[in-house]
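Asker: Make a model of the complete structure from these sequences and hints.
Residue numbers (this note's numbering), protein chains in the order written: chain A, 1 to 102; chain B, 1 to 432.
These are computed hints drawn from the structure, not numbers from a lab.
Any given hint could turn out to be false.
Unchecked claim - Which stretches of chain A does chain B cover? Using the computed rule of at least three CB atoms under 8 Å from a CB of chain B, they are: (1) 20–33; (2) 41–54; (3) 59–73; (4) 78–90.
Note that the structure is a prediction, hence the values are computed from the model and not measured.
Using N, Cα and C, we set each Cβ at its ideal position, and we do this for glycine too.
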Amino acid sequence: MLREMSKDEAERTAKFYLCSDCWGHLIVSFKSIQLEDGSRETRHYVECSTPGCPCNGFVSKRFADMQEQKSRGELLEAKTALRQVGMIERKSEAEIMADLGF
Amino acid sequence: MEKTRKLSIAFPVVGTIRKGGAKRPGKDRNGNAIEIVGQDLQDKFRVVFAPGAEDLREAWMKVYGTDQPTRIRAMVCFPSVWQAWEYYNEAYTAGRMVARADNEKFIVLRNPLTGEYIVRAGEPFRAYTPGQKITYEKNGREFSLPMKSSGRLRVFIPELGRMVMLELKTTSFYDCQNITNQLAAIQAVAAALNGGNAAGVPFYLYRKEQSITWNKPDGSASRVSKWLIQIEADPAYVETMVKRMSDFALTGARTVGQLPAGELAGTEDPDQPEDDDEAPVDAPWEEPEPEPEPAPAGDLTPRDILAAAPHDEQGRIVRPMAPEVARAALAVKAETKHGKATDKQRRLVAMLIEQAFSDLPEPKKVRHSVQLYLTGAESANDIPDSMILAILDWLKPNQAESGEYLIDETAAKELRSIWPASSREAGQMELF
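Answerer: And the structure:
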């Protein structure tokens, strides 16, 4: 979805924010519009760089970075908790060694 | 579509479970084209997968056959349900969050005009009163932003076959109250049946029409019907776990009740527009009955304990025996055994005891605990020969047609009742 913004705002948004649907980079586009009085005006838009993404909103780059880090810890915790209740099979000694490259 | 960065993180949220239909085009009061909130789907949810998660959507459709299911079987995948549930009061302007508060204080507060932080990470303390609004002035006009409830529950759907989560979103105050209370009940189920680990406790998400008492600001009240989110532990799971627990305890008593929906009342307008929609208060459950403490053995000898145990008309000890009686009976029996136990017999004892706990996650650990209680030795290798022979007499293994050794049914019951006693004696917390 194209979002119309002022030039400064569009550039600031593309610099600090990502698409909320895919966390893809935002790009600034512009087009020249002819007004009713015959003069021309350049309008700026922000859109997601991922083809086909609906881009319903923005998230800050900092938020995405934090979620990425948090996610690693959460995965570890979830796997441990699910293993304890038998939802995920425990790895055998041989599998662990293989994972470690031995 | 290629896998996006959002889906490439270690444990991604791959989709959203919503209560309303998709946004549709409309017009504001000035006639400008805008998107307006879709209608509430009443008894249904709407599941929307993120771009790039098409394969997961396919897996979902294979299981549910629709993206608007009425009932979803899910679970949290963290030890505590509170790691999966986030509930705040939030205010937004132009898509930017300007305030976030729990029910007591602001966590984040920003100047709506400049974006400058006034409160960050709860500091400095600023009290929040439910219903409070964020007010500001712009170009001589006063604006007021309502603080709306915002709840996000991240759930794990095992049928998707991947370590990913879906996020259930609601902006209804009543849903948030409901979910908080019902998740507390799920945590209680986990505490009673699963050693406090809420991961893997299956529950159903569904919606039910419920009436809400709305206490209006002018002092009047009215009743409104709303389709609210409900969370209920999978009855089949609770039944199985309670049965297993009962088998161990030999009491047959149920220690965790089901979760009746309570009465809902509040000062929030249930009809206020929201992105999605709303849920019961108080889900009282029965307090688990404390297990009777075993009679203190004190300085009694095994023979004293056997003499005090209940006997039938023929003078035989009534079976199944209580754990301390079984231990005393084994000690007395062992006195009559003078042969040497072979390695094969030792291995057989270990295998037979583990067999009784084969449905538990760590049967070997349980066996060690039971052996310690019965014989004073944790490892089968350290159990005296006479005791190994006495245990084999007690368990009376029979070889089935398949070649597998099966223990006597009564002895199996006695063994299973020993485990809680052995844990208690070892000073451990009850596992169930």
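Asker: If a hint holds in the structure, say so; if it does not, say that too.
Answerer: Hint-by-hint comparison with the structure:
Counting residues of the stretch 20–33 of chain A whose CB lies closer than 8 Å to any CB of chain B gives 4, so the stated coverage by that chain holds, three being the minimum. With a threshold of 8 Å between beta carbons, the proposed coverage of the stretch 41–54 of chain A by chain B holds, since 5 of its residues qualify and at least three are required. Under the rule that three or more residues need a Cβ within less than 8 Å of chain B, the assignment of the stretch 59–73 of chain A holds, with 5 such residues. Counting residues of the stretch 78–90 of chain A whose beta-carbon sits less than 8 Å from any beta-carbon of chain B gives 8, enough to reach three: the coverage restraint holds.
Hint check: no violations occur; every hint is consistent with the structure.
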